[in-house]
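Student: Letter by letter, the sequence shown follows residues 1 to 227 in the UniProt record's numbering.
These are computed hints drawn from the structure, not numbers from a lab. The structure presented is a predicted model; accordingly, all values stated were derived computationally and were not measured. Be aware that one or more of the hints could be misleading.
Said to hold, decoys possible - Label-pair ranges, simulated between beta-carbon atoms:
| # | residue 1 | residue 2 | range |
| --- | --- | --- | --- |
| 1 | Asp-141 | Glu-110 | 36 to 42 Å |
| 2 | Arg-77 | Thr-55 | 34 to 40 Å |
| 3 | Ala-149 | Asp-107 | 35 to 41 Å |
Cβ coordinates follow ideal geometry from the N, Cα and C atoms, glycine included.
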Amino acid sequence: MTPPDFTRLLVPGARVTTVCGPATVAEPLRAELSLPSGELVASAWRWEPVGFTETAPPGRYPVLLHPVVLDRGDPERPVSVAVQLVIRDEPAVSWTLALLPGQDPADLSETGFFGFPVDGGEASLIDARYLRELSESGTLDEFIADATADLGFGGLMESTEDEDGRDAVMFKTGDGDGVYPTWIGRTAGGDLACFVVDFLLLDEPGQPDESDESDQPRPSRQTSTFL
Numbered sequence: 001m002t003p004p005d006f007t008r009l010l011v012p013g014a015r016v017t018t019v020c021g022p023a024t025v026a027e028p029l030r031a032e033l034s035l036p037s038g039e040l041v042a043s044a045w046r047w048e049p050v051g052f053t054e055t056a057p058p059g060r061y062p063v064l065l066h067p068v069v070l071d072r073g074d075p076e077r078p079v080s081v082a083v084q085l086v087i088r089d090e091p092a093v094s095w096t097l098a099l100l101p102g103q104d105p106a107d108l109s110e111t112g113f114f115g116f117p118v119d120g121g122e123a124s125l126i127d128a129r130y131l132r133e134l135s136e137s138g139t140l141d142e143f144i145a146d147a148t149a150d151l152g153f154g155g156l157m158e159s160t161e162d163e164d165g166r167d168a169v170m171f172k173t174g175d176g177d178g179v180y181p182t183w184i185g186r187t188a189g190g191d192l193a194c195f196v197v198d199f200l201l202l203d204e205p206g207q208p209d210e211s212d213e214s215d216q217p218r219p220s221r222q223t224s225t226f227l
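Start from the sequences and build out the full structure, keeping to the hints where you can.
Tutor: Next up, the structure:
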């Protein structure tokens, strides 16, 4: 699968073509995310807290949700096309799929990709350590309820933090449910620049890897970025 040209999303007012028709890039929504372990999990809150094999230096990073306004849509209801976690404030000049342990791009077809399934139109970014702690303490359900409550009021992205400082960023997933890949952007020097969750609305998307199908056993789903 070939990544779309995400640079188009960095210019508010730019014209783009989506699978839903022509659209105009809107101003990004902004949040921040702590990565104390540097291990990022992009998911819909299911399965095991397994992060990507590519890790970031521990720290706190900007998160940008990139919306567009469809020509045939409601200008007051933009659609999110991607969520970007910025590790370095440098342009990304090359892109590769973010992988979980055991995933191999060589196993994919030309249009295939690894991604995480979404059923409910919402997903999240969170540090793997935080997710493990929440799961082990039995407070994950309460944390999720708090995180999703604000999104229920029409927002596209919200951040949440518990009393122990564990935070996450919740967001609407583009046009709704589906299987969505995460891309790693690298600088000209090969350094990690960003992670981008792609909602497959820019141009034509590829096809999810077979391991994302609903009739696959749980281990296959875990190696498809699905918690």
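Student: Take a look at whether the Cβ-Cβ distance between Ala-149 and Asp-107 falls inside 35 to 41 Å.
Tutor: At roughly 39 Å between Cβ atoms, Asp-107 and Ala-149 fall inside 35 to 41 Å, so the hint holds.
Student: A range of 34 to 40 Å was offered for this pair. Does it hold for the Cβ distance of Arg-77 and Thr-55?
Tutor: 36 Å, holds
Student: Is the hinted range of 36 to 42 Å satisfied by the C-beta distance from Asp-141 to Glu-110?
Tutor: 40 Å, holds
Hint compliance for this structure: no hint is broken.
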